[in-house]
Amino acid sequence: MTNDPSPRLLEAGIDPRSPRFGAAITAALLLLVVGVSLTYALGVSPARRAIEPGFILFAIVTALFGWGAFAGVRRHPYGLLFTTLLRPRLSPPTHREDPKPPTFAQGVGFAIGLSGLVLHLAGLPYALVVAASLAFIAAFLNAVFGFCLGCHIYLLRARARGARGAAA
Amino acid sequence: MNFILVTVTLLGLTALATAVGVVWRRSQGRVRVAHTETALSAQDLGVTAWGAGVTLLQFSTEFCSPCRMTHSVLDELARQRDGVTHVDIDLGLRPELARRFGIMQTPTTLILDGGGVVRSRIGGAARRDVVSSELDRLLVVA
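Protein sequence lines correspond, in order, to chains A and B.
When we follow the working numbering, the leftmost residue of the first sequence carries the number 102, and every step to the right adds one.
When we follow the working numbering, the leftmost residue of the second sequence carries the number 19, and every step to the right adds one.
Worth flagging that the hints you see were computed from the coordinates, not collected in a lab.
Keep in mind that the hints are not guaranteed to be accurate.
[Said to hold, decoys possible] Covered stretches of chain B (chain A as the covering partner; in silico rule of three or more C-beta atoms under 8 Å from a C-beta of chain A): (1) 31-39; (2) 60-73; (3) 76-84; (4) 106-113.
[Unchecked claim] One-sided and incomplete, this derived list gives chain A residues near chain B with beta-carbon spacing under 7 Å: (5) Leu132; (6) Gly136; (7) Arg175; (8) Tyr179; (9) Glu198; (10) Ile238; (11) Leu242; (12) Leu250; (13) Gly251; (14) Tyr255; (15) Leu256; (16) Ala259; (17) Arg262; (18) Gly263.
Model, not experiment: these values are computed from the prediction.
Built from N, CA and C at the ideal position, the CB exists for glycine as well.
Can you build the whole structure from these sequences, using the hints too?
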């Protein structure tokens, strides 16, 4: 992360519809995770819990979040799917966006996913359901309303940093 | 858990997310009239001087797409109208300002009169027509 505020997004921007398309797929998958996790009782050992369908599916979704966060949203499979399948059928974008906000949001999703997976393995009941539900709400709000949770979290972090700076 | 209970849970989750989204969207771009008398110091915020008529003081962060859209809306309004200045501050660089002004979302836009007094506040993406009528109101009074 840099502190460079210079707007240089126009030449390198992404189609703003691409992250929302990805969020729609993610939301559908997460709803599936919640449904599947509710269907199965919590396994007795970490090994049992690691082979539950809900766990495996959520691990895949979390890995996809990680892909977006670490490789960037432009190299994400949903981004490629959008570019090859949907983009040619749509009108050109009215504007382009910086890929940094959706990349950061993927990082937030990855963190939520990872904590859910770890707590589930540790044997906490409903850890998967709660984590997947939170991630679902964020992805759904992003896909349907264009709400950006990552932006809020980024601001809260900046506020906390500012408070520390003022105290020092 | 049985099938019906799972289905109800999933529908409930979707309904909850929809409700949150509707409430959030309705709050976006709304103008709130401020009731303060204290003038902000331009130098304090790293600005040479406030606009003669109105200053659109926008707070943004790097990881925020609506900030970019608001930036171009406000920038264009400032260029079209006399006495209107647009200032965009990156909270990543001035995090203490987020606390000082109680900013919980970006973009947040404060509308200042010629004396640097906050007259209104817009949370979320600013709409051209809303800001425009707010400018009409403040510029007439001024």
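Cross-check of the supplied hints:
no. : hint    : in the structure
1   : 31-39   : holds (count 7)
2   : 60-73   : violated (count 0)
3   : 76-84   : holds (count 6)
4   : 106-113 : holds (count 6)
5   : Leu132  : holds (6 Å)
6   : Gly136  : holds (5 Å)
7   : Arg175  : violated (15 Å)
8   : Tyr179  : violated (17 Å)
9   : Glu198  : holds (5 Å)
10  : Ile238  : holds (5 Å)
11  : Leu242  : holds (5 Å)
12  : Leu250  : violated (11 Å)
13  : Gly251  : holds (6 Å)
14  : Tyr255  : holds (4 Å)
15  : Leu256  : holds (5 Å)
16  : Ala259  : holds (4 Å)
17  : Arg262  : holds (5 Å)
18  : Gly263  : holds (3 Å)
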